[in-house]
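Given only the sequences and the hints, what does the whole structure look like? Please build it.
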Amino acid sequence: MVFWKSNKKTGWIWGVLMGILFLGVGAACGQFDVIWRKAVMICMECIGIG
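Under this note's numbering, the sequence shown has 19 at position 19, and the numbering climbs by one with no breaks.
Rather than coming from a laboratory, the hints here were simulated on the basis of the structure.
Careful, some of the hints might be misleading.
As the list claims (entries may be wrong) - For each label pair, taking beta carbons as the anchor points, the in silico distance ranges come out as:
#, residue 1, residue 2, range
1, CYS46, GLY11, 34 to 40 Å
2, TRP36, ILE13, 36 to 42 Å
3, ALA39, LEU17, 21 to 27 Å
4, MET18, ALA39, 21 to 27 Å
5, TRP14, ILE47, 35 to 41 Å
All C-beta atoms, glycine included, are put in the ideal place defined by N, C-alpha and C.
Quick look at the structure:
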């Protein structure tokens, strides 16, 4: 936590870059498809279509 507080100007940039990196790693491992299917099924169940 101290790292993020002491580097206010660059701390958020590192956080965004790490988030993009982890999203890319997850997508490369095929997790995007899994999450997409679950999100679609939840929406269909909540709306009452499926």
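Results for each hint:
no. : hint                      : verdict
1   : CYS46 / GLY11: 34 to 40 Å : 37 Å, holds
2   : TRP36 / ILE13: 36 to 42 Å : 28 Å, violated
3   : ALA39 / LEU17: 21 to 27 Å : 25 Å, holds
4   : MET18 / ALA39: 21 to 27 Å : 23 Å, holds
5   : TRP14 / ILE47: 35 to 41 Å : 39 Å, holds
The structure fails to meet hint 2 from the earlier list, while all remaining hints are met.
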